[in-house]
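Asks: From first to last, the protein sequence lines are chains A and B.
Mapping the first sequence onto the working numbering, position 159 (from 1) lands on 159, and the numbers just tick up by one.
Mapping the second sequence onto the working numbering, position 86 (from 1) lands on 1086, and the numbers just tick up by one.
No wet-lab data here; the hints were simulated from the structure.
Don't be surprised by glycine CBs; every beta carbon is placed ideally from N, CA and C.
Misleading hints may appear alongside valid ones.
Claimed, not checked - Capping the alpha-carbon separation at 20 Å, the derived lysine to any residue pairs in SDA-like fashion look like this:
1. 1083/B / 50/A
2. 1083/B / 67/A
3. 1107/B / 1154/B
4. 1083/B / 126/A
5. 1083/B / 90/A
6. 71/A / 131/A
7. 71/A / 21/A
8. 1107/B / 1016/B
9. 90/A / 1122/B
10. 1059/B / 1124/B
11. 1083/B / 45/A
12. 1059/B / 42/A
13. 90/A / 1115/B
14. 1059/B / 44/A
15. 1083/B / 46/A
16. 90/A / 1016/B
17. 67/A / 117/A
18. 90/A / 1131/B
19. 1059/B / 71/A
20. 1095/B / 1147/B
21. 90/A / 1123/B
22. 1059/B / 1138/B
To be verified - A short list of chain A residues far from chain B (calculated; beta carbon distances all over 12 Å):
23. 29
24. 47
25. 59
26. 77
27. 91
28. 105
29. 126
30. 140
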Amino acid sequence: MSWNEQADSCSCVLLRLGERRFALAADQVAELVPPSRIFRFPHRTPEIDGVILRRGRTVPVCDLAEKLIGKRLTSRRFYLIAMRSYGTVKETVALPVSGECELIRADLTPAGPSDSPHVAAWLSHDGEVIEVLNLAALTPGIDPAPQMPSVESMPGARA
Amino acid sequence: MASGTAPVRRARPLRTEQIILFRCSNQIFAISSASVQEVRSVDSLAGAASEVNESSIGKVRHALRRGERSIYVVNTALHFGLKPSPPALIFLLRKSRVALLIDGIEKMTTMTRLQALPASLCHEERIWYRGLTVLEQNVLPVVSPEGFLTSEELNFLDATTGTQLNSDAKLDSEMRVAP
Chain A
1 MSWNEQADSC
11 SCVLLRLGER
21 RFALAADQVA
31 ELVPPSRIFR
41 FPHRTPEIDG
51 VILRRGRTVP
61 VCDLAEKLIG
71 KRLTSRRFYL
81 IAMRSYGTVK
91 ETVALPVSGE
101 CELIRADLTP
111 AGPSDSPHVA
121 AWLSHDGEVI
131 EVLNLAALTP
141 GIDPAPQMPS
151 VESMPGARA
Chain B
1001 MASGTAPVRR
1011 ARPLRTEQII
1021 LFRCSNQIFA
1031 ISSASVQEVR
1041 SVDSLAGAAS
1051 EVNESSIGKV
1061 RHALRRGERS
1071 IYVVNTALHF
1081 GLKPSPPALI
1091 FLLRKSRVAL
1101 LIDGIEKMTT
1111 MTRLQALPAS
1121 LCHEERIWYR
1131 GLTVLEQNVL
1141 PVVSPEGFLT
1151 SEELNFLDAT
1161 TGTQLNSDAK
1171 LDSEMRVAP
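Using the sequences and the accompanying hints, generate a full structural model.
Replies: If you want it as structure tokens, here you go:
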């Protein structure tokens, strides 16, 4: 593989929400874990279900399905533990997914101005065009999510 | 002149904090024991508390008079948006003008680690809680004593109940004067 080809492609993790597949940049993914007990307590951030415990640390659970496929997941097979940036700080967030995940390498096409803020880029895999997700636009946080992710924020993306 | 011996490094003692686990509408919360000055039965409210009829702050229905100051009794279940349940106890908070109506005390224990609230929790809960603690594989929110009433709410209640208490006092004096 030439250097150019390497620079143009990016490792991504494919995840399944219901019948649809989405992708996350692999460098934003920490691990895939089986569902564990979710601890709930009163709060006012509707996107967060509660927290799970991973190695003694609390990890908020954020179900993306409602935003992405219009309904909550009825069965959660795994939690994809992703890294979400808040300015310079990174924190883990558990994303319920309904199937196993797959690590792939694919060429990315950056999102256009007409794409939703949650789309960081696009990739093509197995004849399917898949949205590469912009976690900052999908998950709540103290610092505001950028409206349009820059191409530079997705390594490997090309115009 | 420096001595030849290396400084002895002592293991840093584990920092701990005494906490009270309390129940409110089937939810367990933790609060620092140091924040609680007094625990009373709700029965003690009878006669000692005046009613607060300010509908915009529905979680406060009673005020206790302590010298020149009013202490506002917050219904903890309403504060956290939980289903109201019959409270049994009142926590009078130390160095605060807030008292909390709670269902009961679970136990007193010690926490060794307070984890910051995840950044994805980004609304009122950041004021409500100091953070989260893990006890016996359970995650518990540690409440912030300052998070129950804002200074604006306290000022508003002062203005309202001050007027109310003054008019009550005036009414009392008028009633005493009248034959």
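Asks: Under the criterion that the straight-line Cα-Cα distance not exceed 20 Å, is the pair residue 1107/B, residue 1016/B satisfied?
Replies: holds (16 Å)
Asks: Holds or violated: residue 1059/B with residue 1124/B, Cα cutoff 20 Å?
Replies: holds (15 Å)
Asks: Check the hint pairing residue 71/A with residue 131/A against an upper bound of 20 Å on the C-alpha distance.
Replies: holds (18 Å)
Asks: Beyond 12 Å from chain B, beta-carbon-wise, is residue 105/A?
Replies: holds (29 Å)
Asks: Hinted pair, alpha-carbon criterion (20 Å max): residue 1083/B, residue 90/A. Please report holds or violated.
Replies: Distance ~35 Å between residue 1083/B and residue 90/A Cα, so the pair is violated.
Asks: For the pair supplied as a hint, residue 67/A and residue 117/A, confirm whether the alpha-carbon distance does not exceed 20 Å.
Replies: Since the Cα atoms of residue 67/A and residue 117/A sit roughly 12 Å apart, the hinted pair holds (cutoff 20 Å).
Asks: Against the 20 Å threshold, does the CA-CA distance of residue 1059/B and residue 42/A hold or violate the hint?
Replies: holds (15 Å)
Asks: Take a quick look at whether residue 1083/B and residue 45/A sit within 20 Å of each other, Cα to Cα.
Replies: Roughly 18 Å separates the two Cα atoms, so the pair holds.
Asks: Please verify whether residue 1083/B and residue 50/A have alpha carbons no more than 20 Å apart.
Replies: holds (18 Å)
Asks: Hey, residue 71/A versus residue 21/A, does the alpha-carbon distance stay inside 20 Å?
Replies: holds (15 Å)
Asks: Just double-check residue 47/A for me: nearest Cβ-Cβ distance to chain B has to come out over 12 Å.
Replies: violated (8 Å)
Asks: Are residue 1083/B and residue 126/A close enough, with their CA atoms no more than 20 Å apart?
Replies: violated (50 Å)
This entry does not satisfy hints 2, 3, 4, 5, 16, 19, 22, 24, 25, 27 and 30, going by the numbered hints stated previously.
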